[in-house]
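*Asks:* Residue numbers (numbering that gives the first Met the number 0), protein chains in the order written: chain A, 0 to 111; chain H, 0 to 111; chain G, 0 to 111; chain U, 0 to 441; chain S, 0 to 441; chain Y, 0 to 441.
Worth double-checking, as some hints may not be accurate.
Stated by the list, open to error - Now the in silico label distances, taken between C-beta atoms and shown as ranges:
#1 A:Gly83 x G:Glu96: 19 to 29 Å
#2 A:Gly83 x S:Asn201: 18 to 28 Å
#3 S:Gly90 x Y:Gly269: 48 to 58 Å
#4 H:Thr82 x G:Thr82: 37 to 47 Å
To be verified - Straight-line Cα separation of at most 20 Å, SDA-like style, residue types lysine to any residue; simulated pairs:
#5 S:Lys270 x H:Gly40
#6 H:Lys74 x A:Gly107
#7 H:Lys37 x A:Arg100
#8 G:Lys49 x U:Ile262
#9 G:Lys39 x H:Gln16
#10 H:Lys65 x G:Ile92
#11 A:Lys51 x G:Gly20
#12 H:Lys70 x A:Thr103
Read the hints as simulated data drawn from the structure, not as lab findings. Glycine included, each C-beta is placed from N, C-alpha and C at the ideal position.
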Amino acid sequence: MKKIEAIIRPERLAAVQSALGEAGCTGLMVTEIEGHGKQKGVVQQWRGEKYKVELVPKIKVETVVKDGDLKRILKAIIDNARTGEIGDGKIFIYDIEDALRIRTGEEGEGVI
Amino acid sequence: MKKIEAIIRPERLAAVQSALGEAGCTGLMVTEIEGHGKQKGVVQQWRGEKYKVELVPKIKVETVVKDGDLKRILKAIIDNARTGEIGDGKIFIYDIEDALRIRTGEEGEGVI
Amino acid sequence: MKKIEAIIRPERLAAVQSALGEAGCTGLMVTEIEGHGKQKGVVQQWRGEKYKVELVPKIKVETVVKDGDLKRILKAIIDNARTGEIGDGKIFIYDIEDALRIRTGEEGEGVI
Amino acid sequence: MDMKVIIDTIWVLVTAKLVFFMNLGFGMVESGFARTKNCVNILSKNFIVFAVSSLGFLLLGWGLMFGDGNPFVGLKGLWFLSGADNSPASGAAYQGVYSAISWTDVPLFAKFFFQLVFCGTAATIVSGAVAERIKYKSFILFSFIMTMIIYPIVGHWVWGGGWLASKGMFDFAGSTVVHSVGGWAALAGVLLLGPRFGKYSNGSINPIPGHNLSLATLGAFVLWFGWFGFNPGSTMMADPQAISHVAVTTNTAAAAAIMSSTILSWLMLGKPDLGMTLNGCLAGLVAITAPCAFVSVGSSIIIGLVAGILVVLSVIGFDKLRIDDPVGALSVHLVNGVFGTLCVGLFAQDKIVGVATGNGLFYGGGSKLLFAQLTGIAAVGAYTFIVSFVTWAILKATLGIRVSLQEEIEGLDIGEHGNSAYPEFLIRKPSHAFLGIKDDNL
Amino acid sequence: MDMKVIIDTIWVLVTAKLVFFMNLGFGMVESGFARTKNCVNILSKNFIVFAVSSLGFLLLGWGLMFGDGNPFVGLKGLWFLSGADNSPASGAAYQGVYSAISWTDVPLFAKFFFQLVFCGTAATIVSGAVAERIKYKSFILFSFIMTMIIYPIVGHWVWGGGWLASKGMFDFAGSTVVHSVGGWAALAGVLLLGPRFGKYSNGSINPIPGHNLSLATLGAFVLWFGWFGFNPGSTMMADPQAISHVAVTTNTAAAAAIMSSTILSWLMLGKPDLGMTLNGCLAGLVAITAPCAFVSVGSSIIIGLVAGILVVLSVIGFDKLRIDDPVGALSVHLVNGVFGTLCVGLFAQDKIVGVATGNGLFYGGGSKLLFAQLTGIAAVGAYTFIVSFVTWAILKATLGIRVSLQEEIEGLDIGEHGNSAYPEFLIRKPSHAFLGIKDDNL
Amino acid sequence: MDMKVIIDTIWVLVTAKLVFFMNLGFGMVESGFARTKNCVNILSKNFIVFAVSSLGFLLLGWGLMFGDGNPFVGLKGLWFLSGADNSPASGAAYQGVYSAISWTDVPLFAKFFFQLVFCGTAATIVSGAVAERIKYKSFILFSFIMTMIIYPIVGHWVWGGGWLASKGMFDFAGSTVVHSVGGWAALAGVLLLGPRFGKYSNGSINPIPGHNLSLATLGAFVLWFGWFGFNPGSTMMADPQAISHVAVTTNTAAAAAIMSSTILSWLMLGKPDLGMTLNGCLAGLVAITAPCAFVSVGSSIIIGLVAGILVVLSVIGFDKLRIDDPVGALSVHLVNGVFGTLCVGLFAQDKIVGVATGNGLFYGGGSKLLFAQLTGIAAVGAYTFIVSFVTWAILKATLGIRVSLQEEIEGLDIGEHGNSAYPEFLIRKPSHAFLGIKDDNL
Ligand SMILES: Nc1ncnc2c1ncn2[C@@H]1O[C@H](COP(=O)(O)OP(=O)(O)O)[C@@H](O)[C@H]1O
Ligand SMILES: Nc1ncnc2c1ncn2[C@@H]1O[C@H](COP(=O)(O)OP(=O)(O)O)[C@@H](O)[C@H]1O
Ligand SMILES: Nc1ncnc2c1ncn2[C@@H]1O[C@H](COP(=O)(O)OP(=O)(O)O)[C@@H](O)[C@H]1O
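Next up, chain A with everything else stripped away, as it sits in the complex:
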């Protein structure tokens, strides 16, 4: 099993989410994070002083998939998360040693 960790633009979440659904991967975790990279932060002001907020809002989407599904699901994410502008984000892939379903206690690829 592999864990896909995708950092995407918040406004792309909905599209990615439904694409993942169609790609047959329903299980996912969504975390609100802030990111820093090439993309510039936004300038704000407060009673006369300007200031830069360096960290930009991003969404981390995590899903654990069977090794076989990896390629397909990566494609689904990339196609729907991409805008072509700086700030589209990255995808990282980890190896998962094991997975369990709490409800049943069962273990292994079957649970995902």
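Fit chains H, G, U, S and Y with the ligands to the given chain A structure using the hints.
*Replies:* Frame of chain A; chains H, G, U, S and Y with the ligands shown alone:
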């Protein structure tokens, strides 16, 4: 060392947390996430229109444990996170290459 | 590639962030988490009753780095996150199987 | 047209508006003291309760309260203010069926509007104590009965020329009629509802912090402001000496109570708890409500100081008794409503602004007045508690009064209303917020 | 100095202050009903709009509205209240160029201040309907024109001794002059702006929940409170019978509308929606604004009940028509402004508090009054909509009225003001909050 | 009973209530402009400060301010309003020791309540400037001294028949007596406290955004509303011409200041900053407070425009001077309090509503009045700053006035009160919120 990543119901956090304490695993990280899986989202309304919130609130509990403690701690989590209803969540297990304690700079299994 | 996952004190984030920048590692993810460890939680009160908040606010900083940069970047984090008090946090290191840049679709170490 | 009538009408209406505004204060204090997941429900209750009161008191409440009748209930002109009435003619010149309130020279609708906002206050007090677990529907029904029947009958006894008035009991602006009545009705509801899930789990008292102290403070300020309508307005005539005196006693008692509740919580808990300071302010205001026109400014300080202490002790006390009152309504309105009514018997100074109350115990008047006050407290308490208890019990047996455990845990906002108060803010998940659940096994 | 003048001046100023306070109410309802990312922008619009009105109405608006002139517009003493005027002299004793409002015996500045706060209300109504997409600059300019020209001319027709007044049309406190004028101007703006991005994506209506129902409820309470200045104050003289009557009809209509809107939303949607309850309250208040002094308390219940139903249906209806009104301003102010004006023709009872309106249709007065009301509704609607539409169109062609799509998605707070309303709170990221975007491909 | 007395008493009490309500406004503006972690502390300070004032001013303040005595301080009837007084008897008929305020024909308690709310305002102004670092205990003690001694003595000079009054200095509603006194006391505190940690780190000015602009806007609206009590009420008699005139000058100055501060911030910063717009409104209100009854509406526009510009420049200026004022209290109350007092000397028109001020410089009155104003500004400034500085210094040397660095970083809510304002909302962690810390090495 292994990293245990458990997605649980928010209302089970307290129970899981104290169970982990008893199981001798004090160090943990708690992250507020939203999940999607078999469990249905909730329907809300706004001035005449209904809408479905697909993502359900979940808590991600992460803890890094010595290989030897893995089984015991998994059991502690499962026993306390389970309700038997859909939505109980999953547990994923990763391999950790190394760990450091910032305060002392020491490295390896000892730090956890 | 390695993923560095550092749990630090919120008030150290700014220092760590700029140190990482200088260390040439601009890409990172920041997540607001709550941690539990040796550090004690804080006691609050509500209309006559005291209560303890066990979980203490922490920041999780994640960055994926080339294997070669690992040592240098770990040092940058530890130097800037350390206060010497209990609660400074931990750093965990994972192996990353692969990385992709959504914007371009390119794959491998190059993307980070 | 008689100038006096015009002036008095302006005074009555302006102060009545301030009292109406207290609905906002209650709404904000109570939602601020509750959890996010129940915020919409509390806002809804506090918003609709005045609509309910407006209809209930118009339909029947006014008639039962002020209609001529026997010492226990009004009988004439019961429905819809339909009785004969030649207001603003007053005193001897008055002809009509609402003679108990014919002493003031304002139009009937001015009298009604002023009395309505007081009735509404009694009803809204209940909302906070039963919060975070009561069914919306059942609360609405109870409020109807409260404003149509329960409150007006007590009102008749004290302000409608009923038997307590004849007994020489004095309650200037309603420590008993409004606040303790609200408090007794709330107590009955709280006992039948039981505590919120997790509040008293395995032997420990689990504090459940309110979600928004900015709102709560805003609400307390608004209530303090509204009280300048509540008390001075209760002259229902613009008597300069009286209204000025009442404004100062009212404010001074609030100030003293704020100080004593803050200092006591500082001493008892190590730190000055804002929640206690806010409750202290309201406690002082409730306590001075009955005596505000009968006591000196000096006495108002003492009354306030004691009120502030009482509220801190009773908030803690009710918890010890496992009586779960999320916002402290019982400590504020019931305990201090009773205390304030007593204070008339202790601190009253005859004719201090004209009203012939006779002197209280501390001013050489002996126990006569005090005894009348005690009679009133006991009678009103017994009546209101019993009738409310029965009403709640019937609702419990029929519609049910408490939401399901699951709904309570997930929050009444989604369960009862399908809304969330702050859909975009990230909120700690229920159990998290729900400290009570900590040592609990679902 | 004549006591009557003093008393009436106090009454006019105190009620005017309450109406001013409604600006807070509108600001909180509208920002509470909008998303976090646009909160600062809405607060800014609602805050500056009264400043704009104050200058616009002072500069020219007052003169056009109350200056002596022809049936369509004031011509004398146009600029800066500069016309001759010997107020508080009134009636026959009055000498000056603002004779249309010489019937009340208060100083010129008291008249001005009272009329100003009404003008400001009309302008602020627009703010909510065009929220979450309009350019700050263009809104400010429109508000200037609205308060300097558009509103005052209608005002002249009805309250400035103009042709509608002569036609025997009655609008006591401004269901038409204030609320429907605000509504028509808003409608024109909404049509030219188009819906918010994502609101109606691929055929479905995507609800966009407001970010803060505590604020919205607070605002609704403040508006209800302010209405006790708006309606009773419109006597502009402290006539005890009239102001008491108006206070009660106003409150009763609000109460009835709260109940009917809540129950209807309960039946239609399965759960009582707080947003609908709040809109219902405002709908009842708007509907009773024109008839409050001409109808009985009984009628006010019926008017309120219908208003509550109308607002629920029209909120849903406007959505079906793809007319995107984030806060329901059209349903509240336009629909019920029109309905309330009609009600005068239906429920009026001659001289119920002294004004000789003649009887409405339901009281045997035939259709004469009703017809006058219809004429007023139609004329005011046509005029206001057209003039506003042209104004908006010119702004659109020149400055532009809508922010860029990217700014709209990222939020107007950063884009227009460089501020964020809650910089420390963790907020669900835009698209998240932005349910509309779900089935959308950016 | 004399009608005039009744009417004037109503006017004085109603306006006093509005001024009391400003406490809410200050509380919301100041907490909204501060960070979440200090919210409870600011709410607590702003809530308790009026309780403290109520007791301090009752105990001694009133006596020092209005007791008959020498030109510098009251000496008779010092404690507890205990002096002889036959109010509402006024003018020649008055017998008592508070003759400086015997010109108004209202009861003593009405006079006291009205003056109390002004005293409370001066005290509450301090709260904002010293926010986010001051010890709760020390603030409470300072407020006692402020309201018992510091404020009343200045009050005696100007309103208590003291030497500045004799010098012909005019301050109608308190630009100097209330606002600049509050401002000077705040400045002394700010200088002794020093800036908040991280505000001026390694040479750069780090903005620290407020946590809740909805609350801040709400507060500004409430203050604007309250000012309609503050200024028109200061007639302390219902003179129709005067109160109407004052209502309009007050509102017009606010409107003008809103426009100028918004436009200036737009030009200087590229975007219209809501924080500046809100401060601008308050600046205009403070500036018109002294001259509101002495100048024309035309002049009030100019005064407002300048005030709006002054506040923007001084907010930025104080930052450049490394004087850390989290809410802009110095720019609003001190700078514009001084400016407004000067404006009397510049724009006054003799007897414009009856008061014989003589003409100001711009109206051919020469520099006589201007000079009197300057004397007042200088004397009050020197006195208040020095006495406050000494008071703060003593507190610093004894109890300490600043919390520990760690407490400041973690927030005063936990440290001083053990509460958190929004325990369920996810808040960016301190340092995060604390942008100042960015370039800082703890
Ligand atoms: N090396 C990295 N480690 C962890 N997260 C990263 C890394 N590089 C980028 N990211 C995440 O991806 C987001 C987008 O990256 P950025 O460089 O801004 O644009 P792009 O991905 O299009 O090059 C960043 O905000 C950050 O959260
Ligand atoms: N394949 C997966 N990858 C990541 N998270 C998952 C996966 N499957 C489930 N989850 C997480 O577990 C939670 C519970 O899963 P769900 O299917 O709803 O119930 P159950 O775990 O009882 O089958 C989901 O909300 C989601 O956050
Ligand atoms: N075994 C662990 N697994 C996951 N997170 C841990 C573990 N141990 C510590 N942490 C994280 O590190 C933070 C600091 O640890 P703590 O024991 O309090 O201080 P220190 O790291 O200085 O010993 C904790 O709040 C927790 O979030």
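*Asks:* All the hints need checking, so say for each whether the structure fits it.
*Replies:* These are the hints, each one checked on the structure:
1. A:Gly83 x G:Glu96: 19 to 29 Å: holds (26 Å)
2. A:Gly83 x S:Asn201: 18 to 28 Å: holds (23 Å)
3. S:Gly90 x Y:Gly269: 48 to 58 Å: Since the Cβ atoms of S:Gly90 and Y:Gly269 sit about 55 Å apart, the hinted range of 48 to 58 Å holds.
4. H:Thr82 x G:Thr82: 37 to 47 Å: holds (40 Å)
5. S:Lys270 x H:Gly40: holds (18 Å)
6. H:Lys74 x A:Gly107: holds (15 Å)
7. H:Lys37 x A:Arg100: holds (12 Å)
8. G:Lys49 x U:Ile262: Given pair G:Lys49, U:Ile262 holds - Cα atoms ~17 Å apart, limit 20 Å.
9. G:Lys39 x H:Gln16: holds (15 Å)
10. H:Lys65 x G:Ile92: holds (14 Å)
11. A:Lys51 x G:Gly20: holds (16 Å)
12. H:Lys70 x A:Thr103: holds (16 Å)
In the structure shown, no violation is registered for any of the earlier numbered hints.
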